[in-house]
Amino acid sequence: MQIPPIIFGTFQYGSLDELYPMVRSAYENGIAGFDTSPSYNTEEFLGSALSKLCSSAGIQRDRLLIQDKVDGWQMEESKGRIANYVKHSIAKLQSKYIDVLFIHWPFPEYLAETWQAFAELKKAGWVKKIGLSNVRHRHVENLLKETGVMPDVIQIERHPLRICKEDVEYFKKKGFIVEAYSPVCRMDERLVESEVLNKIAHKYNKTIGQVILRWHIDTGVVPVFMTKKESRVAENVNIFDFSLPIEEVEKISSLDINYKIFVESVCCPGI
Amino acid sequence: MTFSIFSFGLEWNVLGSILVILLLAVILNGLLRKHISKANASIINFMNDNQRNFDAIVIGQPIAPCNQRRVTGKRILYLTHKGRTIFASYLFLIHQYSYLREDGNGIIYIVSSTRDKRMYARLVDVYSFHPVIKSRLKVGWSLNYPILSWTRKFGTRHYFIDGKDIPVRSRIEQFCRERKIKVEFINQ
Numbered sequence: 001m002q003i004p005p006i007i008f009g010t011f012q013y014g015s016l017d018e019l020y021p022m023v024r025s026a027y028e029n030g031i032a033g034f035d036t037s038p039s040y041n042t043e044e045f046l047g048s049a050l051s052k053l054c055s056s057a058g059i060q061r062d063r064l065l066i067q068d069k070v071d072g073w074q075m076e077e078s079k080g081r082i083a084n085y086v087k088h089s090i091a092k093l094q095s096k097y098i099d100v101l102f103i104h105w106p107f108p109e110y111l112a113e114t115w116q117a118f119a120e121l122k123k124a125g126w127v128k129k130i131g132l133s134n135v136r137h138r139h140v141e142n143l144l145k146e147t148g149v150m151p152d153v154i155q156i157e158r159h160p161l162r163i164c165k166e167d168v169e170y171f172k173k174k175g176f177i178v179e180a181y182s183p184v185c186r187m188d189e190r191l192v193e194s195e196v197l198n199k200i201a202h203k204y205n206k207t208i209g210q211v212i213l214r215w216h217i218d219t220g221v222v223p224v225f226m227t228k229k230e231s232r233v234a235e236n237v238n239i240f241d242f243s244l245p246i247e248e249v250e251k252i253s254s255l256d257i258n259y260k261i262f263v264e265s266v267c268c269p270g271i
Numbered sequence: 001m002t003f004s005i006f007s008f009g010l011e012w013n014v015l016g017s018i019l020v021i022l023l024l025a026v027i028l029n030g031l032l033r034k035h036i037s038k039a040n041a042s043i044i045n046f047m048n049d050n051q052r053n054f055d056a057i058v059i060g061q062p063i064a065p066c067n068q069r070r071v072t073g074k075r076i077l078y079l080t081h082k083g084r085t086i087f088a089s090y091l092f093l094i095h096q097y098s099y100l101r102e103d104g105n106g107i108i109y110i111v112s113s114t115r116d117k118r119m120y121a122r123l124v125d126v127y128s129f130h131p132v133i134k135s136r137l138k139v140g141w142s143l144n145y146p147i148l149s150w151t152r153k154f155g156t157r158h159y160f161i162d163g164k165d166i167p168v169r170s171r172i173e174q175f176c177r178e179r180k181i182k183v184e185f186i187n188q
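Line order of the protein sequences matches chains X and Z. Residue 256 in this note's numbering sits at position 256 of the first sequence, with consecutive numbering throughout. Residue 16 in this note's numbering sits at position 16 of the second sequence, with consecutive numbering throughout.
Worth flagging that the hints you see were computed from the coordinates, not collected in a lab. Do not take every clue at face value.
Said to hold, decoys possible - Calculated lysine-lysine pairs in the DSSO-like style (CA-CA distance at most 30 Å, straight line): (1) X:K79 to Z:K34; (2) X:K165 to X:K52; (3) X:K79 to Z:K74.
Unchecked claim - Partial list, computed: chain X residues near chain Z (C-beta under 8 Å): (4) F11; (5) P38; (6) Y40; (7) E76; (8) S78; (9) F262; (10) V263; (11) S265; (12) V266.
Don't be surprised by glycine CBs; every beta carbon is placed ideally from N, CA and C.
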């Protein structure tokens, strides 16, 4: 299963009853990729939701892409020997494998050991692709020097207020797939009130959210979005009937103020 | 009979005293928790505060008036507290440096004594630390019961998993160098 052009995130869902309708809606709207993490407490819900979806839609598991992560406390407790945690996650997801497994935050202690464990899990077939989340190019450079193991996917917080130009260019040059979480920066008022975005949205008769998601696609990045509204799911996939010319892409990129929602060092001390 | 009445009265006195002491302990515990929270008032909750890209971050001891002019910048984040050790300052650095602007014009100030070699953080320091770091420091339930842990020292010489005996000042310098961050020590 290849990485789809847009992925649905399951951060902040409190129950299967809350998640399943959204998962079903996402699938019905053409989304086949789903993202979770142990720290979201949604692995079990997602596993049950996807299992229910496969039964009701008559599809096989390999038609879906599941992304999961290894969290900092797991790296710390096991000193990087995370295989058992991953197998436990796979069981919770009611699957035999994970399509993409990320190191959620690159805690410097045990990072290399964890990454080596990732490579072994991939070799053994428990994981199809391995990735790094919340990294800069220096983290990847150092890990490559230390372990020689290449990531397949990188997932970072990225949106017009933080375009991560240098890092994204590096990742793409290396051939890594780049994904963006918080792709619309939670519709920060600086984006909602942006003249540039409002003008472009009006031109294409789209919402600002749709324009931003299209900006991700047109800059070669896969957005990972989260919503609790089914109408928003339909809206967010309605972005493949237009594209932005380079001038408009650059205008959106010029909104960059290096604003990040998730302050990296607070989430990952020593990052 | 007199003896049993006397001992019965004595038991109630003891019980009463214990209850009073417990009540005082609960009140004092609450006051200490408030004090710790107040001491960490400058810690930003990034989920509902969009302050970022500070010109400077000042970490360590409160800066003396004579040194204040050394701190430059319009937007400054102060993470200082009386008695903060160099080790605690290192931990604050690794937790909070991402609030600094990333265009090469930001600067970290570490306010400390050159003689400070203390390898611990106090309860008032660990309040805002990441759960993984708290676990490493064995903070446990200490923040819930500060009355029992007020004088505890969190940290050891074995905190750093590389096992190397590198002075904390050097670690701070190396950390900043690797991330291309300007750092200046203000010795007090």
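Verification of the supplied hints:
no., hint, result
1, X:K79 to Z:K34, "violated, 35 Å"
2, X:K165 to X:K52, "violated, 40 Å"
3, X:K79 to Z:K74, "violated, 42 Å"
4, F11, "violated, 12 Å"
5, P38, "violated, 13 Å"
6, Y40, "violated, 15 Å"
7, E76, "holds, 5 Å"
8, S78, "violated, 12 Å"
9, F262, "holds, 7 Å"
10, V263, "holds, 4 Å"
11, S265, "holds, 4 Å"
12, V266, "holds, 6 Å"
The structure fails to meet hints 1, 2, 3, 4, 5, 6, 8 from the earlier list, while all remaining hints are met.
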